[in-house]
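Q: Each chain is listed here by its residues.
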Amino acid sequence: MAFPRTIDLHMHTTVSDGTDTPEAILARVKEAGIALFSVTDHDDIKGCQIIRSIRTPGDPDFLTGVEFSCRDEAGKYHILGYGYDPEAEAIRQVVELGHSYRMNKVRGRLALLSEQFGVSFPEEELRALLALDNPGKPHIGNLMVKYGYARTKEDAIKEYIDRVRFRSEYVRPEEAIRGILRAGGIPVLAHPAYGNGDQLILGDEMDARLRRLTDFGLQGLEAFYSGFTPRLIRDMLSFAERYGLYVTAGSDYHGSNKMVTLADTGLGDPSEWPDGLRRFLRDLREEGRHEI
Amino acid sequence: MTIKLNGRIDSNNAPQVEKEILDQLAGQAGAPLELDASGLEYISSAGLRVLLRVRKLHPDMRITNVSSEVYEILDMTGFTEMMGVEKAYRIVSVEGCEEIGRGANGTIYRIDQDNVVKVYNNADALADIQHEREVAKLALILGIPTAISYDVVRVGESYGSVFELLNASSFSKILAKDPEKLDWCVKEYVDLLRKIHGTLVPAGKLPDMKETALSWARFMGDYLPEEAGKKLVAMVEAVPHDDHMIHGDYHTKNVELQNGEVLLIDMDTLAVGHPIFELASMFNAFIGYSEYDHETIKKFQGFDFETGTAFWRKSLAAYLGTGCETKIREVEDKARIIGYTRMIRRSIRRKGMESEAGRAEIKLWTDELLALLEKTDTLTFSTGELELEAAAENLPEVQAFVDEHLERADCPPKAQMQIAIAVEEIFINIASYAYAPDKGKAIVRVEVSEDPVTVTITFVDHGMPYDPLAKEDPDISLPAEKRDAGGLGIFMTKKIMDNVVYEYIDGQNILTLKKNL
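Chains as they are written, first to last, in our numbering: chain A, 1 to 292; chain B, 1001 to 1517.
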């Protein structure tokens, strides 16, 4: 089969922490000459629903995507889901589970800030905060600056928000993987060597991680990633081969938030693509999942 | 331009660090960039991504003064492969430290109880250090016990590499302190030498000593009568290529005893080649360099010229596996030819023909060399003979000797096992009966011929005439309890080997076993 020359399966919009709206990202993807792309917002699929509604014939091929932040006793993971049915109950349930945990976290944090430092905000600000899709530390930080508790957002986080500690719940990797699979999608481990994005997981640790996650049903590894050196790409490809996993490629573009350009994945010419990536694209196409 | 990295770079501050770097680089895209990591304590993967992105704008970016901890991260993740990463070097002083070794490229000092540092003569020695590390690793993988350096340090204006060497004593030190240990040292020294020379090195991994020796021989052409010069070059050229390892500077300061284990150090001269090149440098170390002035060896090795000479002679005899003085002399002369060639060249280059001392030693060595060239036609020799007491306790030595040749010939393990059975049978026979009740010597010779590969093992003794083949084969169809004791061993030997011949010549029992491999 003919493969699309340029692909990028990992990018964020304003639905999570990117700076491009879904509309803007579609325009940029076209500009970059990308033939197949996926939008993978953190813990949300709204961006995909928007892209689907605005795509017109002749636009690049699109694959539904998502990046779930997961945690369990053994560690932290970012799990990508591709080609799921965005109407499926199973995927919405994972999104909602994550959302409810985060809401609990924001509420818990606000309560502790109030209790320990006497921080409080007007009712309408709180309502607006909780109405956000993914309220977090930066949003609380901004409010604290606005109401004079700190000089900068960074100070607010460092001096107050990070000092109130409490146990919070997280989506577990098996919950994310199961949800993606039930929605007809393919679960893939994001930037594997970097764990949750700020760790270094290699060798035996990586092996143990993959044994666990493949038991849960993980099907792929994001072996091509803008932040990987050729050595890390080689390491990840050999893990993918050992576990018989699909291979994907993504830039993790966040717009102007990070200095990453679209389509920067480390992937070479299609003639050099590994079998795991070819299988991934072929299987998706045969199932008609990226012609949406 | 140079930008300093400080403290920690992780997901908390990576975007900020990135912005700071980019601000400083504004308008300088593509210019050479050095990131000075002397203040960098830790870098997480978020920080690594920053480095990768900055490098996209500045492809020749280098990171310098990297601490060991950060270096390890950069090494594990492949950053060291794709960009220039230079470690921060610890500064070490060797003032007042004991000198424990000295070679062509550097001097080794003990810096504390557990560690030694090799300080390189060459000020810009990083490439040499890298080379030595690589060849030492290679040697270790191939089964040679050696120490691998774990750190590179700054020593004054030079670089040094640090090794762990606990409670170690060089053989030079042992010999200087305790001359009674000479025989023990010889045995260990020769065992290790055999091991080195029995080690096959994958093609292209180490330099070929023959090439080096050939350059010495050619250099000598200008200083010898034409015929002699030509003969010297032709003789070196005629030495067959050999892919077995040689150390290149195998003297007693480079062999260490550490917790009962014998270790080889100073690996930068590691090469492949015929053992004659090794013997030449050994001759120089123990005799050659001190032949003109006997005090030289005292300064270098710590023991006197007589001890050095005794050590060399005994080691050569043990290495050749013979007590035969003629044979030892013959091989020594071959070693001296290369040895003198090397020393004369060295002296001409270092001292020149102008100085008195230079002229004197050059004349001494040149006269010796010319005399040797007169009476010698080849530089090769065989180590295929072992002479020893015909006693059962010497069997392991005989087996080791035979095995070494079989391994060199890539003998399949099964054939090697079978041959061991035959060797045991014959040698124990000689040990038990040839001289009984007295004692006597046995000679074991091994030859491997090529095309087809055939191994020939010959046993010679001067005991009473005895033809083991004269005995009739045992009837092995009989049950064990009805068979005659004895005779089964020689029967098995005949089965195992392709040809067994007995001769009695000049008072010697000669039993020749042949097997096609």
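Treat the hints loosely; a few may be bogus.
Dumping the calculated EDC-like pairs for lysine to aspartate or glutamate here, alpha-carbon to alpha-carbon at most 20 angstroms [stated by the list, open to error]: (1) A:LYS158 with B:ASP1010; (2) B:LYS1187 with B:ASP1451; (3) A:LYS137 with A:ASP155; (4) B:LYS1187 with B:ASP1293; (5) B:LYS1495 with B:ASP1473; (6) B:LYS1375 with B:GLU1157; (7) A:LYS76 with B:ASP1010; (8) B:LYS1515 with B:GLU1325; (9) B:LYS1019 with A:ASP155; (10) A:LYS137 with B:ASP1010; (11) B:LYS1514 with B:ASP1438; (12) B:LYS1019 with A:ASP198; (13) A:LYS105 with A:GLU125; (14) B:LYS1056 with B:GLU1018; (15) B:LYS1327 with B:GLU1387; (16) B:LYS1019 with A:GLU125; (17) B:LYS1375 with B:GLU1332; (18) B:LYS1299 with B:GLU1020; (19) B:LYS1515 with B:ASP1438; (20) B:LYS1363 with B:ASP1293; (21) B:LYS1298 with B:GLU1180; (22) A:LYS153 with B:GLU1020; (23) B:LYS1195 with B:GLU1180; (24) B:LYS1019 with A:GLU154; (25) B:LYS1230 with B:ASP1243; (26) A:LYS153 with B:GLU1018; (27) B:LYS1173 with B:GLU1020; (28) A:LYS153 with B:ASP1473; (29) B:LYS1414 with B:GLU1447; (30) B:LYS1514 with B:GLU1424.
Quick caveat, the hints were computed from the structure, so don't treat them as lab data.
Q: Going through the numbered hints above, which ones does this structure break? Give me the numbers in ascending order.
A: Hints 2, 4, 6, 8, 11, 16, 18, 19, 23, 25, 27, 28 are the ones this structure does not satisfy, whereas the remaining hints hold.
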